[in-house]
Amino acid sequence: MGVVEPQETRRLSLLSDLSERVPYAVRGLPVYARCDSLSIYDYRCACHWHRDLEFVRVVSGTMRYFVNGAVTRLAAGEGLVVNSSRLHYGFSPDRQEARFSCAVIGPQLVEGFSQGVAARCERAFAQDMDDALFLSPDVDWQRNVLMDIDRIVEQLHGDRRLRPSEVGRPMDDAADLDPLPAAMTAIGLIDQVLDRFRPAAASDSVISDATVPDPVAPASDDQRDRLTVLHMTGLIQRRFAEPLSLDDIAAAGSVGRSRCCALFRRYVGRTPNEYLADRRLEEAKRLLDGTNGSVAEIARACGFASSSYFISVFRRRTGLTPKAYRAR
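Last residue of the sequence shown: 328 (UniProt numbering), numbering continuous.
These are computed hints drawn from the structure, not numbers from a lab. Hints may be right or wrong, so weigh each one.
[Unchecked claim] Derived CB-CB ranges, DEER-like:
no., residue 1, residue 2, range
1, G77, M184, 20 to 28 Å
2, S308, M129, 42 to 50 Å
3, R51, M147, 22 to 30 Å
4, S60, R265, 30 to 38 Å
5, S308, A118, 33 to 41 Å
We put the beta carbon where it would ideally sit given N, CA and C, even for glycine.
Using the sequences and the accompanying hints, generate a full structural model.
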């Protein structure tokens with residue numbers, strides 16, 4: 001049958017990496033906003049990064065948010081702002097349902113306003129600044145941010161509730177809504193948080209329940225480590241369909257195998273091979289949902305050595321065979 005061609009995607013793919021872009025809802029407006037259930041992502045969103053700021057508010061239930069090696073527990077009503085170019089993902093370790101609003105806003109929306117605004121962005125996004133800001137409804141400015149997260153979701157999608165089968169599809173009603181209110185809210189969200197980011201060593205803005213293996217390295221070393229991880233994860237995102245060895249991944253970061261594994265443990269919370277498997281499975285789910293390709297074709301398209309190995313890994317990670325997943 002040849003190359004698998006997608007027909008219609010029903011899952012949200014990785015928001016961004018070294019080669020992908022955030023799927024903004026309105027042309028010319030760098031804003032993505034959605035309210036979703038964690039179960040749609042199999043209780044673990046794909047680990048990813050993007051230059052955009054990410055704003056999250058938990059609507060119901062509880063979930064964890066991993067950001068550059070630290071994990072923050074978020075209860076209903078609480079939220080998080082993930083800084084630019086930080087590896088992150090939301091998950092539930094015990095696979096409990098949570099519903100959350102998420103707004104992803106590109107800084108290009110405001111950087112061109114003036115040199116002063118561009119300088120504020122550059123300062124806030126530096127790798128030695130806070131990775132994330134915790135949002136509590138008990139703090140006035142944080143409560144305002146939390147309300148604006150829900151507001152921008154409604155402004156882009158109205159009162160319409162998404163059915164699970166619609167997740168990942170372009171919103172048909174987005175073109176019918178006036179984008180200007182969402183643009184104003186997005187600008188306000190960025191303005192409210194830009195100057196809240198502080199040098200990471202002097203800040204306790206994120207309450208984490210993770211145990212960081214070692215004390216924080218000097219900012220220059222830490223920054224180099226983060227960039228190294230971005231290069232290695234970027235290689236996986238671009239070339240996951242090809243045979244990739246640990247040596248290949250380590251070479252992308254110009255480090256040895258042991259250093260590669262240590263950096264993945266610290267900043268990604270996964271081994272390099274686990275991260276590679278995650279990316280391949282994410283693509284496999286997308287193709288199972290959005291194409292009529294056979295299991296063998298999808299296995300090859302996602303970089304699995306054989307159909308039997310693909311089926312084994314898929315069942316171990318999801319509890320379903322690929323065919324059962326497609327038919328669910």
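Hints versus structure:
1. G77 to M184: 20 to 28 Å: Given a distance of about 24 Å, which is inside 20 to 28 Å, the answer is holds.
2. S308 to M129: 42 to 50 Å: holds (47 Å)
3. R51 to M147: 22 to 30 Å: Holds, at about 25 Å.
4. S60 to R265: 30 to 38 Å: holds (32 Å)
5. S308 to A118: 33 to 41 Å: violated (53 Å)
Violated hint for the displayed structure: number 5, the only one.
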